[in-house]
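Undergrad: Okay, here's what each chain looks like letter by letter:
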Amino acid sequence: MNPFTAWFALFFAAVFTQNILLTNYLGMCPFLGASREIKTSFGLGAAVVFVMTFTTPLNWILYHRLLIPLGLEYLGLIVFICLIAAFTQLIELVIERVSDALYASLGIFLPLITVNCAILGASLFMVARSYTFLQTTAYGFGGGLGWMLAILAMAGIRQRIAKNRLPRGLEGAGIALIIAGLMAMAFTGFTGITAPS
Amino acid sequence: MKTAARRLFLENLGANNPVFAQVLGICSTLAVTNRVRNTVVMSLGVIFTLTAANLIVSLLRRHIPARVRMMSEVLIIATFVLLFDILLRAFSPEISRQLGPYVGLIITNCIIMGRAEAFALSHPPGLSALDGLSSGLGYAYVLLLIATIREILGAGTFLEMRVLGEGWMPWTLLAMAPGAFFVLALLVWILKGWVLARPAAEGSPS
Amino acid sequence: MTPLRQTSFRNRLAPVLFVTLLSALLIAVVSAAHLITRPVVERNRTRYLQRAVLEAAGWTVPASSSQMEALFESRARLVPEAPDAPFAVVQDPGGRDDRLVFLETGRGLWGPIQAAVAFSSLDGAMAGIAFVAHNETPGLGARIEEPAFRRQFIGKRPPLALSSSASTGSPNPSEMDGLTGATITSQGVRDLINRAAQRVRPDIKSATPTAPEMLLER
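Chains as they are written, first to last, in the working numbering: chain L, 6 to 202; chain X, 14 to 219; chain H, 617 to 834.
Bound-form chain L, shown alone (with noise of 0.2 Å):
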């Protein structure tokens, strides 16, 4: 299988068949908290996109090439997490510099991203998973993706039934899990496609 299809199908798989908030139960908060409506779902989703895409490369380069080499595997944790803090903070000035609707749309979400598991764990499956840098580069991008696909969808499905009475008990998280459910046993019909070993 050439290099190019790996690629695209590990991308796939962080994005539908391994999605990283259907299967591996990640960025849970915000997703049941924060995804009434599609507008702010939209920015949440990009921000996480954003900062994916580029922390987990990042914490590769940082846990293979300068933890690994030191023997101080076991620090792994406290770098991930202080590299995603760190990131945020400085994308937050840049935009906040660069242009205030960008900001409005996505920045003000960036404080919330470093608290995202979904963030961290992509980084820690990373190593657990032992993926090679373009590996990690399809699973933080398609990571990043499919979590924003979930919360999307999520949000169009609440805005639908938000006139709709629920069962007392039940609004807010509790529809917010079936919907999950219903979602995650969706997606699961995803893992009939498979690219080859």
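To be clear, the hints were calculated from the coordinates, so they are not data collected in a lab.
C-beta: ideal position from N, C-alpha, C; glycine also.
Some hints could be false.
Here are a few chain L residues that face chain H, going by a calculated C-beta distance under 7 Å [said to hold, decoys possible]: (1) Y79; (2) A133; (3) R134; (4) S135.
Here are the computed distance ranges between Cβ atoms for each label pair [said to hold, decoys possible]: (5) X:G178 x H:R723: 32 to 38 Å; (6) H:G740 x L:L157: 34 to 40 Å; (7) H:V656 x X:L72: 28 to 34 Å; (8) X:L72 x L:L75: 27 to 33 Å; (9) H:R628 x X:S135: 22 to 28 Å; (10) H:P699 x X:G180: 20 to 26 Å; (11) X:T16 x H:R723: 56 to 62 Å; (12) X:W181 x H:P709: 46 to 52 Å; (13) X:S135 x H:R723: 46 to 52 Å; (14) X:P137 x H:E762: 50 to 56 Å; (15) H:R628 x X:R110: 41 to 47 Å; (16) X:G27 x H:E762: 38 to 44 Å; (17) X:M182 x H:R659: 37 to 43 Å.
Go by the hints and put chains X and H onto chain L.
TA: Leaving out everything else, chains X and H in the frame of chain L:
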């Protein structure tokens, strides 16, 4: 002081429960709720981190500069998570292997950060530690409920011991992601709708 | 009212200093814990590997670590590293067969699967398999660790193909049963076994398909 402590403790288990009242922090543990044993270990990790981090943040609360407040909290939480991970890998390698990267994800568990911000920064150490402990326990029992349902019905075992007969066809859906969402939704519905006995405010943290 | 200079210091330098000191302290604590537990972790890893090697070779390994280590000492011999060489040669419980145990890695759903695959030196058939490391889902892919799944490989002759029949326990020595709901994991196991077999007898062609194919989840 004693009654305040007791009220705090009970609140965190019930009305202010991090999982079904505030819907926080499920990410890191939901993945391991298909096995009760793994959930027990993860919950211990969360309780340990919550209590210790709350304690330290509270002790340092007058010294942390405002600008680096979140960063400092993250560092303190990360330390305890790492300590837990290291201890687990040394003394329970089998479970550490099964939990994989999810132990590290305790850092991003919103409850820990949430309690540090909302409570530990403005309360004395003793009470903060208690808050951490009780929030952790409140979190733990809900997840253990989920895990019990998922393991018994999804695999026919409880704590790795077979409880349903060999002929039991496991409800594999419960062992997969959708199962976790549905079981949690069910529990949230029951606990929120009946225990709290009034229409709950939508997803807002108390 | 503090003079401007002092405010500037307090605003800029103090936070950086604080975070640096805090980080240094916390990293020190974590490093100490890591160093203290490192020998234990290493020993666990070695024991785990030894246990897997013994199990693959057909032994019922005693639960106690010291007994397991004694067994390994007496019956197993590590082989010096060389391409295609086995990891260890282990005497079988019957005492008549030297089993060649290879460490091989395959690709599972959630990451690499590492296994110890044992072959009989008498007739080249598989003697057993034991899993060293994997990331598969408990209750689904992780069931490859169960004795019921591993038992089927005794006597099989790779290259193996996944059995397409619904019933389990195919007597065909070239077929293996997969795990329901864990197709990718099963394929990973199949591929690593076939690769290990290639190291025993290089003339066996690998059964891994090279053309893209659409596979249906069972």
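Undergrad: Hints first: check each against the structure and report whether it holds.
TA: Hint by hint, here is what the structure shows:
1. Y79: Constraint on L:Y79 satisfied, holds at 5 Å.
2. A133: 6 Å, holds
3. R134: 4 Å, holds
4. S135: Holds, because the Cβ-Cβ distance from L:S135 to chain H comes to roughly 6 Å (cut-off 7 Å).
5. X:G178 x H:R723: 32 to 38 Å: With a Cβ separation near 35 Å, X:G178 and H:R723 satisfy 32 to 38 Å, so the hint holds.
6. H:G740 x L:L157: 34 to 40 Å: Roughly 55 Å apart at Cβ, these two residues miss the hinted range, so it is violated.
7. H:V656 x X:L72: 28 to 34 Å: Distance hint for H:V656, X:L72 holds at roughly 30 Å.
8. X:L72 x L:L75: 27 to 33 Å: Holds, since X:L72 and L:L75 (Cβ atoms, about 32 Å apart) stay within the stated range.
9. H:R628 x X:S135: 22 to 28 Å: 26 Å, holds
10. H:P699 x X:G180: 20 to 26 Å: Violated: the Cβ-Cβ distance is about 48 Å, outside 20 to 26 Å.
11. X:T16 x H:R723: 56 to 62 Å: 58 Å, holds
12. X:W181 x H:P709: 46 to 52 Å: 34 Å, violated
13. X:S135 x H:R723: 46 to 52 Å: Since the Cβ atoms of X:S135 and H:R723 sit about 50 Å apart, the hinted range of 46 to 52 Å holds.
14. X:P137 x H:E762: 50 to 56 Å: 51 Å, holds
15. H:R628 x X:R110: 41 to 47 Å: This hint holds: roughly 45 Å between Cβ atoms.
16. X:G27 x H:E762: 38 to 44 Å: The hint (38 to 44 Å, Cβ to Cβ) holds, given that X:G27 and H:E762 are roughly 40 Å apart.
17. X:M182 x H:R659: 37 to 43 Å: 41 Å, holds
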